[in-house]
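Colleague: Residue numbers (the working numbering), protein chains in the order written: chain V, 2 to 313; chain X, 2 to 313; chain U, 7 to 300; chain R, 7 to 300.
Keep in mind the hints are simulated off the structure, nothing from the lab. Computed from a predicted structure; not experimentally measured. Do not take every clue at face value.
Label-pair distances were calculated between CB atoms; the ranges are [as the list claims (entries may be wrong)]: (1) R:Arg299 / V:Asp86: 14 to 24 angstroms; (2) U:Gly82 / R:Ser238: 50 to 60 angstroms; (3) V:Gly300 / U:Pro213: 17 to 27 angstroms; (4) X:Ala97 / V:Ile220: 35 to 45 angstroms; (5) V:Pro138 / R:Asp185: 29 to 39 angstroms; (6) R:Gly255 / V:Ile220: 23 to 33 angstroms.
Cβ coordinates follow ideal geometry from the N, Cα and C atoms, glycine included.
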Amino acid sequence: MTLVETAVDMSTALGSVPVPSPVLTASGCSAFGRELEPFTDLAAIGAVVTKSVQLRPRSGRPTPRMAETPSGMLNSIGLQGPGIDGLLDGELPWLAERGARAFVSIAGVRVEDFAELAARLRGVPGVAGLEVNISCPNVESRGEVFACDPVAASDVVAAVRAAADPAQPIYAKLSPDVTDIVSVARAVVDAGADGLSMINTLLGLVIDPDTMKPMLGGITGGLSGPAIRPVALRCVWQVHQALPHVPILGMGGIRTGLDALQFVLAGASAVSVGTAVFNDPSALGRIHAELAAALETRGFASLREAVGYAHR
Amino acid sequence: MTLVETAVDMSTALGSVPVPSPVLTASGCSAFGRELEPFTDLAAIGAVVTKSVQLRPRSGRPTPRMAETPSGMLNSIGLQGPGIDGLLDGELPWLAERGARAFVSIAGVRVEDFAELAARLRGVPGVAGLEVNISCPNVESRGEVFACDPVAASDVVAAVRAAADPAQPIYAKLSPDVTDIVSVARAVVDAGADGLSMINTLLGLVIDPDTMKPMLGGITGGLSGPAIRPVALRCVWQVHQALPHVPILGMGGIRTGLDALQFVLAGASAVSVGTAVFNDPSALGRIHAELAAALETRGFASLREAVGYAHR
Amino acid sequence: MTAGYLTTPAPVADSPPVQRTVEVVGARPVDAYVELRLAAREIAERAQPGQFVAFAVGGETSGLLLRRSIAISTVGDGVVTVVVSAAGPGSTWLTQRRPGDVVDVVGPLGRPFPAPPAGARALLVGGGYGAAALVGLAGQLKAAGHEVAAVAGAASADRLCSVQELTELADTVAVTTDDGSSGRRGLVTLAVDELLPDCGVVYACGPMRMLQAVADAATALGVPSYVAVEESMACGIGVCMTCVLPVVGSDGLTRLSRSCTEGPVFGGDRVRFDDVGTLTWDVVGADAMGVTRP
Amino acid sequence: MTAGYLTTPAPVADSPPVQRTVEVVGARPVDAYVELRLAAREIAERAQPGQFVAFAVGGETSGLLLRRSIAISTVGDGVVTVVVSAAGPGSTWLTQRRPGDVVDVVGPLGRPFPAPPAGARALLVGGGYGAAALVGLAGQLKAAGHEVAAVAGAASADRLCSVQELTELADTVAVTTDDGSSGRRGLVTLAVDELLPDCGVVYACGPMRMLQAVADAATALGVPSYVAVEESMACGIGVCMTCVLPVVGSDGLTRLSRSCTEGPVFGGDRVRFDDVGTLTWDVVGADAMGVTRP
Ligand SMILES: Cc1cc2nc3c(=O)[nH]c(=O)nc-3n(C[C@H](O)[C@H](O)[C@H](O)COP(=O)(O)OP(=O)(O)OC[C@H]3O[C@@H](n4cnc5c(N)ncnc54)[C@H](O)[C@@H]3O)c2cc1C
Ligand SMILES: Cc1cc2nc3c(=O)[nH]c(=O)nc-3n(C[C@H](O)[C@H](O)[C@H](O)COP(=O)(O)OP(=O)(O)OC[C@H]3O[C@@H](n4cnc5c(N)ncnc54)[C@H](O)[C@@H]3O)c2cc1C
Ligand SMILES: Cc1cc2nc3c(=O)[nH]c(=O)nc-3n(C[C@H](O)[C@H](O)[C@H](O)COP(=O)(O)O)c2cc1C
Ligand SMILES: Cc1cc2nc3c(=O)[nH]c(=O)nc-3n(C[C@H](O)[C@H](O)[C@H](O)COP(=O)(O)O)c2cc1C
Ligand code: FES
Ligand code: FES
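Kindly generate the complete structure, drawing on both the sequences and the hints.
Modeller: Now the structure itself:
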């Protein structure tokens, strides 16, 4: 990635942590950054949002794990990963050596899991902050997803905020599969979230016309990609409208700088690029450059000026 | 539309009313059927699901009313239509003359509106049943959409069932924008719905990168088309799983016979084709033929055998 | 004709549309545009001037679902000719079609231009690629014995369209460009104002502001005008209700009318240009939307 | 080498991949397939046999987001050659490319076939279009002085691939088809079983069941085998975790390994073919998924 110099100040912040670019990876869509190195300058992007990590190593679900859908895809990976030890030993030092910021996504099945992960990440070099992936089934509530219940969601966020390094902002990652996303947003902000990541995937299903059974091993999966962009933008719009001072990391189907611009105008102060990376491994640098050019064309001197502009 | 003869019995039913084909139009996507006549044999399809009608004529919202999105579109028409009088005087007799079945979609902003519409449609020739579009804002509940609240939704359905012609089945049309679609489904079935139509559009937003404001006059709009198909299939799957004996009219992104097959396998006994008609005005007949051929290839003697097959 | 209106609403076309997969038999860049020729006999046989066709775009793997509406320029020998300007992804895809490619097209769609008053001299006004939509009409009017004056305007010379075709058909042709790079510098109204007094009917196709200016000028002189409008369309066949604009009907009431099936040709004095994109209280059904008389 | 295993995991490639927009310079139908030649110098220069490329498909308006992985057949003179079978919409689109078209391609991807033991006679086994992936390897092995025997098999004659290329390079080539329409009737194992005893290494590419049969036969005879697997991939570069299958690592533990970056070439005795698509308790991290020792 070569960042074309524009006159636009592209710097932004994740909570209290300044970052040079508003363009980040999306959790689970760039692993731990390593594989993007041939295509993207990892130190120049806002941050590498790492694949959600849990306490123990996880194999993830059996295959098939994905199905292509019109302008999108369905996945059911099952959070395959090395566990927090693997992350601390291998991936985070690798990123830190390169000057890349890690925004570490944490996941668990009970409130204490999240808190323990946050505690383990205190003071770790290169960790710019935490993204709390609450789109996980809560084993203590018949598997209901934390993010679908304002109370369960805020329990997690409160525990993470209490356990985490005060210098690390924490962003709660919201699910769009709720009747009222604003009420969940409000609850987690009240519980101490410094920002909101939105959106996670939509719950979807594809049936294989040959086997006549669900395509994915996990039956349902998460829908991502440009197909869901209007839903993601609506969520960002609604939440920024209700909570204009809460930083939003916007995502869902961003593929171009103009897509990113829509999220910024709707209220996001940074964006994550997920599925588009599968299509274009150079997407992050390209989107940064396209967004900078788009802002310049529209007369913005800085990214910050454009955040939420569509509401004005 | 020429229906290719296959060995497969394609007949199905909408509640108690038998129909010769499981392929129907979707409300709002084929107006009142007239304009499809050059492309589709209106008497051969399952039914024409008419544009949602309200008590009074409505102009609908100002333009722009739509935005194209990846593999889908956003609309905000605002239920433009002639009102129930116009429907009874003009559109329904026209359909009845041609031997086409009308499945009349009704909409309102208070419970009594729905009941009055159902009463006006009692015994009207050619009306095979009613689809109750509860994805409308409830003026008596700060504009919350009926379909997002199991109680409000069942109030509407109970009132419609009480007022409607007992010979006319009523289908409640559910919104996917809820945390738990099964609980809404259960509530409206308990309130007397003979079947469920699902899904209505997802709430979405697009920002115009030139004006830097929301593209649609109504700010948000409804997302439809193949983009949402995995979400629609998931809803049909979940509800059929929970309520296997309740007939489902499945819809959301159906474009081909194999798409329709997925809905049937997931539990739909009939399907509506909406946005795909904009792409291919001959879609209904084509999808009927493709579905029949797909069922035949897979060894089904009748459509009915395939309903819900993916759960077995 | 409603009291006070110079036009009656355009009647529906003689034939219903068909949907066909047709071959591109010609693709020729013309200045800023591409002229496509389609072997679409059934559409050619049914088409009347003012009608349009709607293309599926992007091919089999396309993420673009909605059809693109393009005016029919001329038909003849089973071939339909259209002129396409690359605006966004769909129309750009169309301009990239090559002879031998096949496209899925629906047409002819919409209401054609109504016949002129007997013996009237007709003024045809085209803006940008809008001029293409008038070529077939010019031929038809000449064949019917009408005198025809044409005006073609555009922002610059390369965005003029069909000037040669119109010159071959019309009795007089005036050209204007905003920047003076071809013909007279200025808007089409420059030429229209001069030609109008001798004409008994006006037909126009082009950007909304141009249509409004031409319609207003004609109405002011008591000349009936017909305009082919261009509204954003999702289906093109009348089923989606996205393409509406406020038009005064034969009963004198304003409705949000579909430009695809009740248009694209409307009486120029019946389109409420200033109210396009808004909802005023006197539109039928506006009260149900909560917009009431102030 | 782990105790009891004949192979060591394939090492990573010498060069990282690049992403380029390249021109198609050749497109030739070959029986059931299409051979595409791409002017992709940087990829050609970096590629090693066994690696693959990943194409964006459907063009600018495409609703297909995911890349399609295609094995590199040969490289030379800055040109990369691949052989594509039209399976679904994406690969069908690829087979429709014509010289002059441009495609967006990422490569070379994945781990190449490891070098054979010194002086070993190599057996190359290709099923269907899988044979194409062995042509570059055959050339490289011959150039390094190895004797090469090749087997190409397919369901029927028209689904055979690269037989001519392999015949030009290898010392012996055997052909089998399931229906006997070319070569011997039967599965590749027919020929493999005969050739294997004289070989010191086996390389195979083709359908999973064939890979399993070939790997099992080789392992049974104590011959190391390397198989290039084909798992459904979303990204091709190692970031999505969709393409995993159970493989025994150098520490003897089974992990769900990414076939795009830890493969596609794996030791034939390290792939747990019977457990593909399932999750067994002895896979690292299966316990966290609730799958525990019975
Ligand atoms: C009756 C009629 C006749 C037309 N004749 C011509 C012609 O002869 N030559 C020509 O070049 N163009 C013509 N247009 C305009 C042409 O339809 C649009 O430029 C084209 O649809 C834009 O598609 P896009 O993918 O390039 O742009 P996008 O802006 O990406 O289109 C997005 C969506 O909006 C719709 N849309 C956007 N702009 C328009 C528009 N102006 N009119 C209708 N739908 C629109 C598209 O159909 C699509 O669904 C005509 C339009 C109408 C309504
Ligand atoms: C390492 C490798 C090398 C390959 N080499 C060749 C080759 O040389 N020639 C050739 O014709 N094909 C090859 N394939 C298979 C080819 O990638 C698939 O046939 C193709 O991706 C199918 O795409 P589709 O759109 O036609 O089908 P669809 O079934 O519609 O594809 C849907 C999605 O699933 C993925 N997918 C489906 N099948 C496969 C598959 N078998 N492998 C990977 N992804 C898949 C696609 O990438 C896409 O994301 C190779 C696959 C791999 C993994
Ligand atoms: C293959 C895949 C894996 C994902 N894994 C995670 C994950 O581990 N944690 C998480 O919070 N989100 C995960 N997501 C969701 C993305 O981070 C993102 O929220 C979503 O995909 C929408 O963005 P996109 O459309 O740009 O992909 C995953 C998405 C995909 C496609
Ligand atoms: C332009 C448009 C208008 C619609 N109008 C209505 C309506 O009046 N009533 C209703 O119940 N659903 C309406 N819908 C929703 C459709 O009936 C359908 O539920 C939805 O579009 C999903 O199906 P599809 O993807 O096949 O279009 C409308 C959809 C579109 C695109
Ligand atoms: S474009 Fe659909 S009604 Fe006119
Ligand atoms: S294809 Fe994405 S990790 Fe292998």
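Colleague: Now tell me if each hint is right for this structure.
Modeller: Here's how the hints hold up against the structure:
The supplied range of 14 to 24 angstroms is met by arginine 299 of chain R and aspartate 86 of chain V, whose beta-carbon atoms lie about 21 angstroms from each other. Range check, glycine 82 of chain U to serine 238 of chain R: Cβ separation about 51 angstroms, and the 50 to 60 angstroms hint holds. At roughly 25 angstroms, the beta-carbon separation of glycine 300 of chain V and proline 213 of chain U lies within the given 17 to 27 angstroms, and the hint holds. For alanine 97 of chain X and isoleucine 220 of chain V, the hinted distance range of 35 to 45 angstroms is satisfied, since their beta carbons lie about 43 angstroms from each other.
Between proline 138 of chain V and aspartate 185 of chain R the CB atoms are about 49 angstroms apart, so this pair departs from the stated range of 29 to 39 angstroms. Separated by about 30 angstroms at the C-beta atoms, glycine 255 of chain R and isoleucine 220 of chain V satisfy the suggested range of 23 to 33 angstroms.
This entry does not satisfy hint 5, going by the numbered hints stated previously; all others are met.
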